[in-house]
Amino acid sequence: MDADLERYHRQVILPEIGVEGQRRLLASKVVVVGCGALGTVSAPLLARAGVGHLTLVDRDFVERTNLQRQLLYDEDDVASSLPKAEAAAAKLRRANPDITIDAVVVDVNRDNVERLLAGASLVIDGADNFELRFLVNEACVKHGIPWVHAAAVATTGMQLTIIPGVTPCYACIVETAPDPGVAPTCDTAGVLAPAVAMVVCHQVTEALKILTANTKDLRGTLLSVDVWTNLSTEIEVKRRTAGAGCPVCVQRRFDHLEGRAGATLTSLCGRNAIQVGARPGGSVAFAEVAARVGAVARVTQNRFLMRFQVDGLDVTLFADGRAIVQGTDDATRARAVLAKYVGT
Amino acid sequence: MIYLDNAATSFPKPESVYTAMDTFQRTLGGNPGRSGHRLATGAQAVLERTRRALARLLGAPDPSRVVFTLNATDALNIAIKGVLRPGDHVVTSAMEHNSVARPLAALERAGTIQVDRAANDAGGRIDVDSLCAKLRPGTRLVAVSWASNAFGTLQPVAEIAAAARANHTLVLLDAAQVAGSLPIDVGALSVDLLALPGHKGLLGPTGTGALWVKDGLDLAPWREGGTGGDSSDPLQPRQMPHRLEAGTHNIAGIAGLERGLEWLGARTVAEVRRHEMALCDELWTGLAAVPGVARYGPAAASARAALVSFRLDGYLPQEAAAILDTTFDIAVRAGLHCAPGSHRALGTAPDGTIRASVGPFSTAADIQALLSALKQMAAERPA
Numbered sequence: 001m002d003a004d005l006e007r008y009h010r011q012v013i014l015p016e017i018g019v020e021g022q023r024r025l026l027a028s029k030v031v032v033v034g035c036g037a038l039g040t041v042s043a044p045l046l047a048r049a050g051v052g053h054l055t056l057v058d059r060d061f062v063e064r065t066n067l068q069r070q071l072l073y074d075e076d077d078v079a080s081s082l083p084k085a086e087a088a089a090a091k092l093r094r095a096n097p098d099i100t101i102d103a104v105v106v107d108v109n110r111d112n113v114e115r116l117l118a119g120a121s122l123v124i125d126g127a128d129n130f131e132l133r134f135l136v137n138e139a140c141v142k143h144g145i146p147w148v149h150a151a152a153v154a155t156t157g158m159q160l161t162i163i164p165g166v167t168p169c170y171a172c173i174v175e176t177a178p179d180p181g182v183a184p185t186c187d188t189a190g191v192l193a194p195a196v197a198m199v200v201c202h203q204v205t206e207a208l209k210i211l212t213a214n215t216k217d218l219r220g221t222l223l224s225v226d227v228w229t230n231l232s233t234e235i236e237v238k239r240r241t242a243g244a245g246c247p248v249c250v251q252r253r254f255d256h257l258e259g260r261a262g263a264t265l266t267s268l269c270g271r272n273a274i275q276v277g278a279r280p281g282g283s284v285a286f287a288e289v290a291a292r293v294g295a296v297a298r299v300t301q302n303r304f305l306m307r308f309q310v311d312g313l314d315v316t317l318f319a320d321g322r323a324i325v326q327g328t329d330d331a332t333r334a335r336a337v338l339a340k341y342v343g344t
Numbered sequence: 345m346i347y348l349d350n351a352a353t354s355f356p357k358p359e360s361v362y363t364a365m366d367t368f369q370r371t372l373g374g375n376p377g378r379s380g381h382r383l384a385t386g387a388q389a390v391l392e393r394t395r396r397a398l399a400r401l402l403g404a405p406d407p408s409r410v411v412f413t414l415n416a417t418d419a420l421n422i423a424i425k426g427v428l429r430p431g432d433h434v435v436t437s438a439m440e441h442n443s444v445a446r447p448l449a450a451l452e453r454a455g456t457i458q459v460d461r462a463a464n465d466a467g468g469r470i471d472v473d474s475l476c477a478k479l480r481p482g483t484r485l486v487a488v489s490w491a492s493n494a495f496g497t498l499q500p501v502a503e504i505a506a507a508a509r510a511n512h513t514l515v516l517l518d519a520a521q522v523a524g525s526l527p528i529d530v531g532a533l534s535v536d537l538l539a540l541p542g543h544k545g546l547l548g549p550t551g552t553g554a555l556w557v558k559d560g561l562d563l564a565p566w567r568e569g570g571t572g573g574d575s576s577d578p579l580q581p582r583q584m585p586h587r588l589e590a591g592t593h594n595i596a597g598i599a600g601l602e603r604g605l606e607w608l609g610a611r612t613v614a615e616v617r618r619h620e621m622a623l624c625d626e627l628w629t630g631l632a633a634v635p636g637v638a639r640y641g642p643a644a645a646s647a648r649a650a651l652v653s654f655r656l657d658g659y660l661p662q663e664a665a666a667i668l669d670t671t672f673d674i675a676v677r678a679g680l681h682c683a684p685g686s687h688r689a690l691g692t693a694p695d696g697t698i699r700a701s702v703g704p705f706s707t708a709a710d711i712q713a714l715l716s717a718l719k720q721m722a723a724e725r726p727a
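Protein chains in written order, with this note's numbering: chain A, 1 to 344; chain B, 345 to 727.
By construction, these hints were calculated from the structure, which means they are not laboratory data.
There may be inaccurate statements among the hints.
Using C-beta positions, here's what the derived DEER-type ranges look like [unchecked claim]: (1) 720/B x 245/A: 43 to 51 Å; (2) 294/A x 638/B: 48 to 56 Å; (3) 272/A x 480/B: 36 to 44 Å; (4) 100/A x 356/B: 41 to 49 Å.
Partial chain B-side listing against chain A, Cβ under 8 Å, derived [as the list claims (entries may be wrong)]: (5) 721; (6) 722; (7) 724; (8) 727.
Computed far set for chain B versus chain A, every beta-carbon distance over 12 Å [as the list claims (entries may be wrong)]: (9) 391; (10) 695; (11) 717.
Every residue gets a Cβ at the ideal spot worked out from N, C-alpha and C, and that includes glycine.
All chains, full assembly: derive it from the sequences and hints.
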């Protein structure tokens, strides 16, 4: 075996990979969107496997409550408030100096997502919200980039692989984001680290199959595993055909990319506050949200609004789903806190 | 939707404004002053008719002194940056909108000019004695708003202008909140520069505004470029209005503005003022009956522009505005209204106030709907 492949000896001798597969991995470029619980498991697996060019993207900084499940970070990163993408890249460069690792500290949005994913052989999902997954899905379908979705909350993980033009896409199975506060998030319902690690192992394996040209071995189903109850299900996914078909992969309408869907952000005049607009026709069941958010913060509410304080920010949620996040003029931070606690 | 945000921009517009813009763009959409063909001369006619109509509205004898701008902010920048030179001294107030405050603050910060700010009373009215005391021999400019956009307070502009005149100081008035709501006569007021938006009380579309410049006052152009005539001169022409009007106009918008002015002329500014004052009175009085409401600015409708600023106990202004929109379908503006100094002066910073502003199409039913919503919100104040 060539000296440059020695590092990868144990996987090169696998018939599934071989020298040819390893060469393909080294020639590939993978973008990991989000370096939280999901991304800190997938990024090391990909870096050590020898993906030649790895780009790590995240908008957040390392916090103490991340350490329970975000396996790449430690107390030093918390103390120095390092951006997650930078901290992860620094560690992985030590694990494998033979590959290129980029860190991008940015809020992924419609203005930059296509640029961030340009030239990628594959995209790995490390997102913590629906909005971002819709954006990534549209960008990947538009440019024909395979993307490997994974998500975990509480003790359950889910995984689906999307190859534009071949498989159904994310918008085929998720039509719209749930109303604010309806879906559980890791910050309201909690998350067990092994549930994340388990689902990422499936995610990265599927990615390796695509990158080594073994697409015939892909699972093809939506996998859901509860590591606590050991209940595992596989669901056949079908391309959305109702009406004119899936707006994204059939009609090739990219509403999130082009700003026809998704939240509008308004910096409120004079106040250190960001208003995050409601989706058309959105509505909020205050009782349901209060039950979820009430587990981690004190909630006050009436018929018109509900308020709670999380991460040093004051959040007011209104009946149509709009929110005002006070205590920051940083739209990225406002979006992040809503993604974490309200799930939008 | 009940629209009570006319101080931001008027809505709706008279039907004739919409149709005039559509018709103009379909039938007359040439570039005024650039060519001799019928579309260009047709557009030129619209421009000049509207210029004359604006001059009539302002009591300005010479329409060529009325310059079309993008909005009042644009007009104020043209005036401030066209008049002031290094070493100049300016007197303004603490009640200004950022469109006056920021250009002055930037020049002050750069060391180009010196600025003093006159005091005001608890209702936001500028203290003329304080303003006079700030005037120095040679003070170049007094720049103030006719009415506070945050609190509605009408300023003693005649007294301010007289004091400035006696000191040989130029006066720039920001008429953003009064144009179309109060009769204006630049001659009687004895001011030198008046800035106004076309899209508020004058009922034109956004992207329209004007600056009136007194005869004999030459402003250095803030932007230079094509004007249509006298292209061979390497420099911007001295002739008004071309001196301050480089580049193609928002002529479709001006075609709409013409109809807004026409509508206003038929209804009359005096009648609009009566209508708006009655609604403001009704709101001001009604608010007193809502538990936990604090009202700001002068009590008399005759002492305010067509808006009322208030707060509701238990809700931040921004929250109250969001509830009015989401639950009651009422549009108001909340916060600092781009006039942070005025909120500091009246003690309503940093949260600001809720501002309800009426227009010619607002009704008593709109006011009652707002009061009813506020009563419900007051009755269910969150813990």
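Hints, one by one, checked against the model:
| no. | hint | in the structure |
| --- | --- | --- |
| 1 | 720/B x 245/A: 43 to 51 Å | holds, 45 Å |
| 2 | 294/A x 638/B: 48 to 56 Å | violated, 32 Å |
| 3 | 272/A x 480/B: 36 to 44 Å | holds, 38 Å |
| 4 | 100/A x 356/B: 41 to 49 Å | violated, 58 Å |
| 5 | 721 | holds, 6 Å |
| 6 | 722 | violated, 11 Å |
| 7 | 724 | holds, 5 Å |
| 8 | 727 | holds, 5 Å |
| 9 | 391 | holds, 34 Å |
| 10 | 695 | violated, 6 Å |
| 11 | 717 | violated, 10 Å |
Checked against the numbered hints listed earlier, the structure breaks hints 2, 4, 6, 10, 11; every other hint is satisfied.
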